[in-house]
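> Spelled out, the chains give:
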Amino acid sequence: MKTRTLAALAAAALAAGGAAAQQQPKSATQSIEEYRAMLADGNPAELFEAKGEELWKQKRGPKNASLEQCDLGKGPGVVKGAFVELPRWFADTGKVQDLESRLVTCMERLQGLNAAEIAKTPFGRGEMANVTALATWVAAESRGMPFNLPQSHAQEKVAYEVGKRIFFMRAGTHDFSCASCHGEEGKRIRLQDLPNLTKNPGDGVGFAAWPAYRVSNGQMWSMQLRLNDCYRQQRFPYPEFGSDALSALSTYLGVNARGAKSAAPTIKR
Amino acid sequence: MNRKMLALGAAVVGVAAVGCASMSPGPSTAELDKLTQEMVKASFRSQGIAKVERVTDIDETLRLCNAADVAGKQLDAATAKRLEEANLKTVKWPSDGKFLGDWKQGEQIAQSGRGLTWTDTANAANGGNCYNCHQISKEEISFGTIGPSLYNYGKLRGVTDPNSPAAKPIVEYTWGKIYNAKAYNACSNMPRAGHMGNLTEAQIKHVMALLLDPQSPVNK
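So the protein lines, in turn, are chains A and B.
With the first letter of the first sequence counted as 1, position 163 gets the number 163 in the working numbering; the numbers rise by one all the way through.
So the working numbering is basically just the index in the second sequence, starting at one, shifted up by 1000.
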């Protein structure tokens, strides 16, 4: 799999280079766009989608149960449309939860798996890899649907306001906040374009693009991992998986993305 | 940990309840600020060299700039001036009076985005992360646009001899800006490379040379 992906990548890069040499000079952004379009055909995220669907239906854990009765916010077992309404308030946990932390709640309550242990498991390993696959499938079931996070519960409004404060929180050794990179339009880091996440950056961009398959490291990246790596690069301390701060931040991003059509799972450089 | 999370949940409910009881649109700014601090404290942990104090103990400059951003306003002029003066006082000028080092080493520092994350070790050399946000030399096409272009930085400012008295104001400003960018713009997006210990004095000299040495590709 890995060698095949690499070979395909090299071929795509060559093709992009060759095409660029023959035609008018292209901006780096245009070339990257073309490269992405070539990759989009046969997104390996589909493999994770398939794994996630299987895991959803499979009887597992100490209680030997499936996740088919999991309530992602639209009632037990309703998957379609759930992703574009998360994070949201859940009465049974008394918390605003995002997709991944909600899936872990279901894995504990329905299957008897240990939520705290899953939260501590590194990304890409063990049950955490399963959470990512499940999130990929659940997200894919809402592909093309517009984001419409609920803001009717008092705590959903609080989560938005707190998330906004976390988004603008300069800290760490570099005084960076999320807004340092994602607070204006038309900016980029190195050659990477940066969506303005204080408003709706458009369909399939920013919040509406994750989970995504990342070609550069051959991994499926959930939103929790995306935020985790942003914080690593901001030189922040480690954000706990499923923590209230991440749910609040995701609420801020998700509400701002209202109306944007979800493209997840996408493919990224 | 779990108990702390529960307490936090209770705090959220408490704040929400206050909002409902008074029929106000929700918790006050001060209540939300406090809740945010509690949530940040409970949600981040120390990992490797990235200690939790990096988010729980921020200075007044960051605190006031963050609050201004949340409110969607700029700092008032008097506060901005006060913070800039306080930050200027932290600038340590070169101990031997020499401002410029070697531009070739400066280019390497400008290229490097390494250091200070939770996956870095304490003894690894830090980079300057300069190209992440700035165009610098013309040869490097992979640069960011969050900061202004620094191509021809010295040339555009008329620096032909960085050691001349005429160049002194620009040389000192450039040092101060790299050392503590908030000395000139209180809520600048630019990291405080010297003040926060990201770059050593010797490294700042090398980056200075990259920007101001007439022999540097930046000024060609």
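Don't read these hints as lab results, they were simulated from the structure.
Where a beta carbon is used, it is the ideal one built from N, C-alpha and C, also for glycine.
Do not take every clue at face value.
[Claimed, not checked] Distance ranges between label pairs, derived from CB positions:
{"id": "1", "chain 1": "B", "residue 1": "1197", "chain 2": "A", "residue 2": "57", "range": "47 to 57 Å"}
{"id": "2", "chain 1": "B", "residue 1": "1090", "chain 2": "A", "residue 2": "203", "range": "39 to 49 Å"}
{"id": "3", "chain 1": "B", "residue 1": "1202", "chain 2": "A", "residue 2": "145", "range": "31 to 41 Å"}
{"id": "4", "chain 1": "A", "residue 1": "125", "chain 2": "B", "residue 2": "1123", "range": "20 to 30 Å"}
{"id": "5", "chain 1": "A", "residue 1": "57", "chain 2": "B", "residue 2": "1034", "range": "36 to 46 Å"}
{"id": "6", "chain 1": "B", "residue 1": "1169", "chain 2": "A", "residue 2": "41", "range": "35 to 45 Å"}
{"id": "7", "chain 1": "A", "residue 1": "37", "chain 2": "B", "residue 2": "1056", "range": "37 to 47 Å"}
{"id": "8", "chain 1": "B", "residue 1": "1202", "chain 2": "A", "residue 2": "37", "range": "44 to 54 Å"}
{"id": "9", "chain 1": "B", "residue 1": "1158", "chain 2": "A", "residue 2": "46", "range": "52 to 62 Å"}
> Evaluate each hint against the coordinates.
To see whether the hints hold, each was checked on the structure:
no. : hint                        : result
1   : B:1197 to A:57: 47 to 57 Å  : holds (52 Å)
2   : B:1090 to A:203: 39 to 49 Å : holds (45 Å)
3   : B:1202 to A:145: 31 to 41 Å : violated (55 Å)
4   : A:125 to B:1123: 20 to 30 Å : holds (28 Å)
5   : A:57 to B:1034: 36 to 46 Å  : holds (44 Å)
6   : B:1169 to A:41: 35 to 45 Å  : violated (57 Å)
7   : A:37 to B:1056: 37 to 47 Å  : holds (44 Å)
8   : B:1202 to A:37: 44 to 54 Å  : holds (46 Å)
9   : B:1158 to A:46: 52 to 62 Å  : holds (59 Å)
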